[in-house]
Amino acid sequence: MSRRGRLALFGVAAAGLGVVLVHGLVGLPAFGDFHGRYGLLLAHVAVPERKATDIVNSITYDYRGVDTMGEEFILFASAIGLVIVLRRMRGEHRDERADERADEDRPGRRHDDLPDDRHAQTSVALRVFGLALVGPVLVLGVYFASQGQLTPGGGFQGGVILAAALVLVYLAGRYHAMARLRPVPVVELAEGLGAAGYAAIGVGGLISGSSFLLNFVPQGAMSNLPSGGTIALLSAVVGLEVAGAFTLVFAEFMDQRLLTGGRR
Amino acid sequence: MSFLPYAVAAWLLLVGLYGVISSRNLLHLILCLSVVQASTYVLLLAIGYRTGAKAPVFADIPPGTHVVDPVVQSLTLTDVVVEATVTALLLALALQAHKRFGTVDPDEIVSLTG
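Residue numbers (our numbering), protein chains in the order written: chain A, 462 to 725; chain B, 43 to 156.
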């Protein structure tokens, strides 16, 4: 179908979709006047029952823990799928010299040696700030991943911040340093442990005599760090998995720079 | 006036879909898809909002205070991170398509060649 034909068909379909959307959306309760029973109930019972003050994370990891397990496995499958899609194809080989060219500040190398635009040295300010920020960002990531049951945060956000710390290492200069810091087997192990750990904690609920993903660990006192039972454990495990997945994704994309050859 | 947040969600959906349909670049197409996903987040959070209520974190407010709906916030929270990984997978597919076909124009990528 020609491009114009496709756009015309889309115009008709979008008009129909727009009418249905507006008709549906005006039937919703007025903005700000939501009477969702489930949310109202949970806002009252979640804190006394679980002793965790952040009820969004109570819902994520306890009341709706099964949904989060599904989401976590989507993330796991996407990361694995990406590794498979970006596998080395027939004819491609890893160019070890590209490794050297990527490491652009080797002492003694003159700038007019380099054939392409990797001339520009990374600015000193970027490198200094990048390295200086790695430590604080790591601490911030661990803080977020571990405090999910008390304040907004939790495993998903903490895991992304932890992966960002590794990206900072790459920005601060050396691809080699980043390659050494994220040996791929370790990252894959972390990701697998995270995904399996969630299911394992869920099975712990089964073993303790009741249902899957039951909050079987003692709840602790409110506003203390060890409160909320399995919420903190699941949050930490999800943080591990998300950090592993994002690091793996980023590493795969970076490795693509080094592949040459292949069939066209 | 109270229809405006829902209208924003509907607009984002339609604009994102138009971007996907009329795109000439796979990367642009994937980013338009994430605009469509963003429209669902806006819709979810707009539905759960309660006027004059606080955030559903009881670390500093007494339990029993009127809060916004926490269930939709939980849904959005997990969705944002998962969407980022799925977008990464789509970008990897675009990268391999470029390697295989030499172009990222969806109109020129002819599938199922021998």
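Because the hints were derived from the structure by calculation, they are not lab data.
Treat the hints with caution; some may be incorrect.
Looking from chain A toward chain B, a few residues come up when the C-beta cut is under 8 Å (computed) [unchecked claim]:
hint, residue
1, ALA475
2, VAL480
3, LEU482
4, HIS484
5, ALA491
Note that the Cβ used here is the ideal one computed from N, Cα and C, for glycine as well.
Comparing the hints with the structure gives:
1. With a cut of 8 Å, the hint placing ALA475 (chain A) at the interface with chain B holds, because the nearest CB-to-CB distance is about 6 Å.
2. Because the smallest distance between the Cβ of VAL480 (chain A) and any Cβ of chain B comes to about 11 Å, over 8 Å, the interface hint for this residue is violated.
3. This hint holds: LEU482 (chain A) has a C-beta 5 Å from the nearest C-beta of chain B, less than the 8 Å allowed.
4. Among the interface hints, the one on HIS484 (chain A) is violated; its C-beta lies about 11 Å from the nearest C-beta in chain B, farther than the 8 Å criterion.
5. Nearest Cβ of chain B to the Cβ of ALA491 (chain A): about 5 Å, under the 8 Å cut. The hint holds.
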